[in-house]
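Participant: Numbering (this note's numbering), first residue to last: 283 to 533.
Think of the hints as simulated: they come from the structure by calculation, not from any bench. Predicted model, so just to flag it, every value in this text is computed and none were measured. Don't be surprised by glycine CBs; every beta carbon is placed ideally from N, CA and C. A portion of the hints provided could be inaccurate.
Label-pair ranges, simulated between beta-carbon atoms [as the list claims (entries may be wrong)]: (1) Trp-484 / Asn-365: 12 to 22 Å; (2) Asn-513 / Arg-366: 41 to 51 Å; (3) Ala-492 / Lys-437: 42 to 52 Å; (4) Gln-496 / Gln-364: 41 to 51 Å; (5) Pro-427 / Lys-490: 26 to 36 Å; (6) Pro-322 / Ala-492: 32 to 42 Å.
Below, a list of computed lysine-lysine pairs in the DSSO-like style, where the Cα atoms sit at most 30 Å apart [unchecked claim]: (7) Lys-353 / Lys-401; (8) Lys-408 / Lys-339; (9) Lys-354 / Lys-408; (10) Lys-490 / Lys-441; (11) Lys-437 / Lys-397; (12) Lys-353 / Lys-437; (13) Lys-353 / Lys-339; (14) Lys-354 / Lys-437; (15) Lys-408 / Lys-397; (16) Lys-441 / Lys-397; (17) Lys-441 / Lys-408; (18) Lys-401 / Lys-339; (19) Lys-397 / Lys-339; (20) Lys-490 / Lys-408; (21) Lys-408 / Lys-437; (22) Lys-441 / Lys-354; (23) Lys-354 / Lys-339.
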Amino acid sequence: TGSEWIPAPPSSSTETTSSANVSLQDSVIGGDVNIVHNDPEGIASALVLALEEVGFKGVLSTANELSDQNKKKVQDILSQIQNRNLSLEPWAEIKVGDAAISLGECSVAEEHYSKALEKFIENGDKSGEATALYRIGKKTLDYSPFAPCSIFNQKNIPKEQERIFVQNAIEYINRSISLFQEEGNWRSEIETRSVYALILLWLPQEYKAADGNQQRIQHDREIVRIHDEHNPSIPLLPYVEALLQLAEMGT
Numbered sequence: 283t284g285s286e287w288i289p290a291p292p293s294s295s296t297e298t299t300s301s302a303n304v305s306l307q308d309s310v311i312g313g314d315v316n317i318v319h320n321d322p323e324g325i326a327s328a329l330v331l332a333l334e335e336v337g338f339k340g341v342l343s344t345a346n347e348l349s350d351q352n353k354k355k356v357q358d359i360l361s362q363i364q365n366r367n368l369s370l371e372p373w374a375e376i377k378v379g380d381a382a383i384s385l386g387e388c389s390v391a392e393e394h395y396s397k398a399l400e401k402f403i404e405n406g407d408k409s410g411e412a413t414a415l416y417r418i419g420k421k422t423l424d425y426s427p428f429a430p431c432s433i434f435n436q437k438n439i440p441k442e443q444e445r446i447f448v449q450n451a452i453e454y455i456n457r458s459i460s461l462f463q464e465e466g467n468w469r470s471e472i473e474t475r476s477v478y479a480l481i482l483l484w485l486p487q488e489y490k491a492a493d494g495n496q497q498r499i500q501h502d503r504e505i506v507r508i509h510d511e512h513n514p515s516i517p518l519l520p521y522v523e524a525l526l527q528l529a530e531m532g533t
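Make the full structure from the sequences, and use the hints.
Facilitator: Right, here's the structure in full:
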């Protein structure tokens with residue numbers, strides 16, 4: 283699936299979990315994360331590992347349907363991270379941002395995605411930078427009516443400010459595509475182009491460029507070209523197929 287295509291963040295090791303002295307198995311099952319160690323690095327690693335246990339692994343597709351019990355776990359983890367003001371490595375910032383999105387904590391998500399972006403740039407990690415740019419852009423432009431952090435689902439935002447947010451988000455996503463392309467990360471490029479094509483399809487007319495439909499069709503064709511060049515034996519994702527059908531109809 284597309285969720286396997288993002289550059290995978292480093293996995294948390296057993297040694298890291300032990301060094302934090304956190305009973306993660308008991309705490310995750312029980313719904314609470316209990317910290318019994320004062321080492322900030324160990325605490326941060328343990329809390330991020332607890333997020334991974336719930337399903338936030340830093341992959342590109344982050345649609346998590348959380349049960350009420352898991353929502354409580356995630357809220358507890360986010361509260362501990364915020365209250366302790368922990369310093370996280372950039373992929374951990376992405377996971378925390380994803381978790382915040384799932385709870386509708388939009389400003390918290392923006393904060394952690396932005397921190398991840400700064401750290402990726404500082405580390406010279408282009409694929410990580412692209413991932414953070416994509417996250418920020420998609421958070422703003424998510425076309426789902428149920429996306430809590432989409433700019434289009436926010437109330438009382440002045441129209442001019444909304445326009446600026448949309449323009450910035452489009453620039454972020456375009457930049458992420460360019461970076462994935464430069465890095466030769468074709469899997470993430472396909473996934474990002476696919477989501478962006480859907481965004482262009484559902485974007486309100488007032489924010490579409492004059493050649494918006496042509497841009498979307500061009501993305502669709504690039505998806506096919508990249509896919510056929512690198513991995514033609516794997517079927518395209520269903521929604522990519524749907525986009526291509528729309529492109530062929532000139533929609």
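Participant: All the hints need checking, so say for each whether the structure fits it.
Facilitator: Verification of the hints:
1. Trp-484 / Asn-365: 12 to 22 Å: Given about 38 Å between the Cβ atoms, the range is violated.
2. Asn-513 / Arg-366: 41 to 51 Å: Roughly 43 Å apart at Cβ, these two residues keep to the hinted range, so it holds.
3. Ala-492 / Lys-437: 42 to 52 Å: Violated - the Cβ-Cβ distance for Ala-492 and Lys-437, about 29 Å, lies outside 42 to 52 Å.
4. Gln-496 / Gln-364: 41 to 51 Å: holds, 44 Å
5. Pro-427 / Lys-490: 26 to 36 Å: violated, 19 Å
6. Pro-322 / Ala-492: 32 to 42 Å: Since Pro-322 and Ala-492 have Cβ atoms about 52 Å apart, the given range 32 to 42 Å is violated.
7. Lys-353 / Lys-401: holds, 28 Å
8. Lys-408 / Lys-339: With a Cα-Cα distance of about 19 Å, the restraint between Lys-408 and Lys-339 holds, given a limit of 30 Å.
9. Lys-354 / Lys-408: violated, 34 Å
10. Lys-490 / Lys-441: holds, 15 Å
11. Lys-437 / Lys-397: holds, 26 Å
12. Lys-353 / Lys-437: holds, 24 Å
13. Lys-353 / Lys-339: The given pair, whose Cα atoms are some 16 Å apart, holds under the 30 Å limit.
14. Lys-354 / Lys-437: holds, 26 Å
15. Lys-408 / Lys-397: holds, 15 Å
16. Lys-441 / Lys-397: holds, 27 Å
17. Lys-441 / Lys-408: Given that 30 Å is the threshold and the Cα spacing comes to 33 Å, the pair is violated.
18. Lys-401 / Lys-339: holds, 18 Å
19. Lys-397 / Lys-339: Since the Cα atoms of Lys-397 and Lys-339 sit roughly 17 Å apart, the hinted pair holds (cutoff 30 Å).
20. Lys-490 / Lys-408: Cα-Cα ~28 Å, so holds.
21. Lys-408 / Lys-437: violated, 34 Å
22. Lys-441 / Lys-354: Answer violated: Lys-441 to Lys-354 is near 35 Å, above 30 Å.
23. Lys-354 / Lys-339: holds, 18 Å
Against the hints set out earlier in the document, violations occur for numbers 1, 3, 5, 6, 9, 17, 21, 22.
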